[in-house]
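A.B. asks: We have chain A already, so just place chain B on it with the hints.
Chains A and B supply the protein sequences, listed in that same order. Each residue of the first sequence is one higher than the one before, starting from 1 at the first, in our numbering. Each residue of the second sequence is one higher than the one before, starting from 140 at the first, in our numbering.
These are computed hints drawn from the structure, not numbers from a lab. Treat the hints with care, as some may be off.
[Claimed, not checked] For the chain A half of the interface with chain B, some residues (derived, Cβ under 7 Å), not all of them:
| id | residue |
| --- | --- |
| 1 | Ser7 |
| 2 | Ala37 |
| 3 | Thr39 |
| 4 | Asp41 |
| 5 | Ile44 |
| 6 | Arg46 |
| 7 | Gln63 |
| 8 | Ser65 |
| 9 | Arg67 |
| 10 | Glu98 |
Bear in mind the structure is a predicted one, so any value in this text is a computation, not a measurement. Quick reminder that beta carbons are idealized off the backbone N, C-alpha and C, glycines included.
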Amino acid sequence: MTIRQLSVFLENKTGYLNQVLAILAKYNINIIALTVADTSDYGILRAIVSDPEKALEVLRAQQFSVRIHDILSIEMDAAPGTMSHILDLFTAAELCIEYVYAFSFGSKSILILRTDNQDKAIEVIKANHMKSINEADLR
Amino acid sequence: MNDEARIRRQEARGIIKKSTKKLNNESAAGNSDFLPKSNEKKFWNKKMECMKEKDMRAIQSKRLVDLVARVYKHVPFYRTRMDEAGVKPSDIQSIDDIVKLPFTNKTDLRDNYPFNLFAVPMQDIVRVHASSGTTGKPTTVGYTKADIENWKEVVARCLTMAGVGKKDIMQISYGYGLFTGGLGVHYGAETVGCSVVPISGGNTRRQLQLMSDFGSTVLACTPSYALHLADALTENGYSLKDMKLRTGVFGAEPWTENMRLELEKKWGIRAHDIYGLSEVMGPGVAMDCIHHCGLHIHEDHFFPEIVDPITKQPVPDGQEGELVFTTLTKEGIPLLRYNTHDLSTLNHETCLCGRTSVRMKKITGRSDDMLIIRGVNLFPSQIEHVLLEMGETSAHYMLYVDRANNLDTLELKVELDESQLTDTIRDLQNLSRRIEHALNSATGLHVKVTLVEPKTIARSEGKAVRVVDNRKK
Numbered sequence: 001m002t003i004r005q006l007s008v009f010l011e012n013k014t015g016y017l018n019q020v021l022a023i024l025a026k027y028n029i030n031i032i033a034l035t036v037a038d039t040s041d042y043g044i045l046r047a048i049v050s051d052p053e054k055a056l057e058v059l060r061a062q063q064f065s066v067r068i069h070d071i072l073s074i075e076m077d078a079a080p081g082t083m084s085h086i087l088d089l090f091t092a093a094e095l096c097i098e099y100v101y102a103f104s105f106g107s108k109s110i111l112i113l114r115t116d117n118q119d120k121a122i123e124v125i126k127a128n129h130m131k132s133i134n135e136a137d138l139r
Numbered sequence: 140m141n142d143e144a145r146i147r148r149q150e151a152r153g154i155i156k157k158s159t160k161k162l163n164n165e166s167a168a169g170n171s172d173f174l175p176k177s178n179e180k181k182f183w184n185k186k187m188e189c190m191k192e193k194d195m196r197a198i199q200s201k202r203l204v205d206l207v208a209r210v211y212k213h214v215p216f217y218r219t220r221m222d223e224a225g226v227k228p229s230d231i232q233s234i235d236d237i238v239k240l241p242f243t244n245k246t247d248l249r250d251n252y253p254f255n256l257f258a259v260p261m262q263d264i265v266r267v268h269a270s271s272g273t274t275g276k277p278t279t280v281g282y283t284k285a286d287i288e289n290w291k292e293v294v295a296r297c298l299t300m301a302g303v304g305k306k307d308i309m310q311i312s313y314g315y316g317l318f319t320g321g322l323g324v325h326y327g328a329e330t331v332g333c334s335v336v337p338i339s340g341g342n343t344r345r346q347l348q349l350m351s352d353f354g355s356t357v358l359a360c361t362p363s364y365a366l367h368l369a370d371a372l373t374e375n376g377y378s379l380k381d382m383k384l385r386t387g388v389f390g391a392e393p394w395t396e397n398m399r400l401e402l403e404k405k406w407g408i409r410a411h412d413i414y415g416l417s418e419v420m421g422p423g424v425a426m427d428c429i430h431h432c433g434l435h436i437h438e439d440h441f442f443p444e445i446v447d448p449i450t451k452q453p454v455p456d457g458q459e460g461e462l463v464f465t466t467l468t469k470e471g472i473p474l475l476r477y478n479t480h481d482l483s484t485l486n487h488e489t490c491l492c493g494r495t496s497v498r499m500k501k502i503t504g505r506s507d508d509m510l511i512i513r514g515v516n517l518f519p520s521q522i523e524h525v526l527l528e529m530g531e532t533s534a535h536y537m538l539y540v541d542r543a544n545n546l547d548t549l550e551l552k553v554e555l556d557e558s559q560l561t562d563t564i565r566d567l568q569n570l571s572r573r574i575e576h577a578l579n580s581a582t583g584l585h586v587k588v589t590l591v592e593p594k595t596i597a598r599s600e601g602k603a604v605r606v607v608d609n610r611k612k
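Bound conformation, chain B alone:
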């Protein structure tokens, strides 16, 4: 890119200070093995990714003013919310005014199912994605042509940040379909010019066979599936020598720094965390660079805030709270201050990689009870809803989450209702199967159902404990 060449020349002439001073970067990744090779493109959009804070805020301000005017005019929900909060579009003059706006939550998407939060007529929507919702109804998102272009752009930035480029063969093992993971990464990978292998999720043997035969250099999937694939190498007759993999683009579920190190060791690759959620866009909202010191948020599109989980007041950089996004450019389903309930912190310091974009810490947990199972969002209330709707068991249950061969497993223990007891085992097995089937329809997940005796699941006096999560941290 001309831009980049110019900056390199300026660096050489000493116009731009070459070495960024070390700034509170949590990771000590100074290892030159992990620095990009000279033939790798360093930035996809250097202008936006390395913009001065003042200039970025000017762009954000302009986009916010435009966004608020748009949603106030076209989305009755936002108009009502803003009127209730006593905020007029004219009150929003700059990005600093964002704190005046009301929050949006997942329940709002559900209440406006399927298309009532869309800000454009259906004829301008070119794609719909959906994720499972809390009461059987999915939450739906819609994209205009421009939204898809922006999505491609941000995923392209993410991939470039991870050193992925046109010479790479990218195996995309995220699920394709209503889930945003597969198609989201797919379009971005094509944009940077990767040779894309859209294999989608599942079928471990085939994944490894194609990875070996095609010489895939990049794997995109959930981190737990990447671990599962690594562990399945030997039993399927492969070794690392058969693989050309060099980079992992892992996301759709929270994972720890330790898991990153384990994946890098097991595969001999660089592993990157791609963050996103379908409500905000899908994968590509943020990504960690080679220094792994927080995920760079594409803040010209997604404006982040961290708020206190109780008071919902913004907190300063470095303080943990709920991550909130405002979609500055989205047309299909723009969101004002959408509370993700993911817990994180923000850091506005310039990164070692040269990007000035705000960084979010790897997600450390959630402020609500949502579980992420194999990349699928699950609220315990969804389980409860299915049980109550069926009415064939008591509503007392306990959900056990575990990880077997690096894949999440779910077991539901539910108290048998005496009226369902017969003298044959088959009736009970049919009951378990019916519940498993109903849960699968509602959540898309396989849940093993075990019937237990009445009154054996602990009753709690305060907030009911419905989930035991035994997955290793």
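Okay, chain A solo, but in the shape it has when bound:
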């Protein structure tokens, strides 16, 4: 139902994002999906990577602030209107979406999302027979 996502605190400095990426590259950690939420002073890099534990360890060693969070992931049909339909179901359950991003992996289209009530969101996923993705699906 959930997969692990890295969250890295990033100050707004030129070349800073790439410092993180370079460290991941050095340790042969593959980035499966990545998004950055930004403000004028800093941002949070969110990434799904091939080895979250290792990524946490090597980034921390380089003084980065890193956390791992469990995050909902759903497989979508590659057809128009699929994502809208999924969000309709969450809205009907009065869940608020905090952030969302999507990516494709092989032939799969995958939706990552954070709502204001994770347990309730899981109920919605189960009740509507949505197909969730686990980390093994991303190897």
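C.D. replies: Relative to the frame of chain A, chain B by itself:
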């Protein structure tokens, strides 16, 4: 005043030497434009302001002996301190004996919060003021009726020294309330008979509108706010022609001679420096006259000393050190040798204006790390205290002080604690906001909080550098 008329007659008859010889007066303000107009009153209390040194010392001696007896009897703190120092009230026979007395510091006010340093019962206190303290507790001062009368008197002397009188309309843009600035100047301005506009601080547009509509002739505020108002004239649709301002009474923060010249040029006014601190009284402890060669201290009420910052021994006139005040007349919260930690020098020579009162040089800095932000005192330790109390960030921070549009700005960079990192920006923004709110409650100042990565704020091996002050000098 009869006194003044008599002296003028004596001057005319050659009994008193009319022209004071030029005595080491730093400023070359001989410009007659800045001399008082004949209809301006020159002194509020000529007797006290122009008294011979010997006579002044006699008054100071008498008042000190009385003061020491009073505080020894009524304030346990002073009794303990004096006993520890082995000084008895009977050891204090004249003002020369003041050096035997122990010093008082801001920490003593804090430790005795709120009223333990008061020397009279609460029923005799008619007013309380407070300023923000170093650990969240404010420092409190109390005034008796007589204290308020003396405060009015010294502010009246200051205003008269600046040529301000009953024909003036004075716009008081110092904050009113617990801060001494607003009410302190207010009472003195009413005493000299000004028409007072108690507008208090803030709301630039309204300040300019009333200044124009009312024809304010005197502006009392912090010098940085006066500059801000000057710069805001044009954008608010005003020009100097709309204003009748002629004098500025600026204080509550240190400012340079250059800033005075800039203010005088921008506003086309005479700008005067009014010095004071709430612990000693509030605004009105000292003021510079039209010659701008040091600030005249009302030494019959506030006895100044300059001491070496390290040895705490008194230093001779002209040598810089920490400015120390003993409140000779105060009843509510008298202070013995209160160390202001402001750096200055003293000058006992007679001024061109005729006053014999001792002058202090414009404050050049401080011997501790206290900052003055928009007239509000701030110690970096206050920031640290708030951060430690919240415990949601690391205690590593750097405070950046700057000036935007002539107003002081504060930015706090603080290292994020990894445990507070989530995957949403909102949590971090809420954290910044919580810190901003807590700092505002503790200090009364708006501080912009920026979260930075751990270990990015320089660690120092010696004394930590916590403040970067980029305000122009």
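A.B. asks: So which hints don't hold here, by number, going up?
C.D. replies: Violated: none.
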